[in-house]
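Chemist: Sequence:
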Amino acid sequence: MSTTRTTITIDEQLLGELKSRALEQQTTVSALIEQDLRFAELQYARMSSDTGSEFTLPTYDLGGVRPGVDLNDNAALLEMMENQD
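Counted the way this note's numbering counts, the sequence shown spans residues 1 to 85.
Please note: incorrect hints may appear among the correct ones.
[What the hints assert, rightly or not] Pairwise CB distance ranges, derived in the manner of DEER restraints: (1) Ser20 with Phe55: 36 to 44 angstroms; (2) Thr9 with Gly64: 50 to 58 angstroms; (3) Arg46 with Val69: 40 to 48 angstroms; (4) Glu82 with Gln35: 52 to 60 angstroms; (5) Ala22 with Asn72: 51 to 59 angstroms; (6) Thr6 with Leu62: 52 to 60 angstroms.
I should point out that these hints are in silico values taken from the structure, not numbers from a laboratory. Glycine included, each C-beta is placed from N, C-alpha and C at the ideal position.
Kindly generate the complete structure, drawing on both the sequences and the hints.
Modeler: Now the structure itself:
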């Protein structure tokens, strides 16, 4: 695997956190950035892959919209809901 040098702009607080973690883990900031980027790319690939199981929300037929109800008229819809008692 080859490596390439690059320059990035990073938030000072985040860099401080990375330096502390690098010291704690006895590694370099560069190694941590590479590790975190690999993890983020893996997560992105998992989220965007079609191979994962999809979650399907259940749907129910409740008979549709009541006659005379205009879902595009917020005021009328609110009034109808308030008078539903």
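Chemist: Each of the hints needs a verdict: does it hold here or not?
Modeler: Here's how the hints hold up against the structure:
no. : hint                                 : result
1   : Ser20 with Phe55: 36 to 44 angstroms : holds (38 angstroms)
2   : Thr9 with Gly64: 50 to 58 angstroms  : holds (54 angstroms)
3   : Arg46 with Val69: 40 to 48 angstroms : holds (42 angstroms)
4   : Glu82 with Gln35: 52 to 60 angstroms : holds (56 angstroms)
5   : Ala22 with Asn72: 51 to 59 angstroms : holds (56 angstroms)
6   : Thr6 with Leu62: 52 to 60 angstroms  : holds (56 angstroms)
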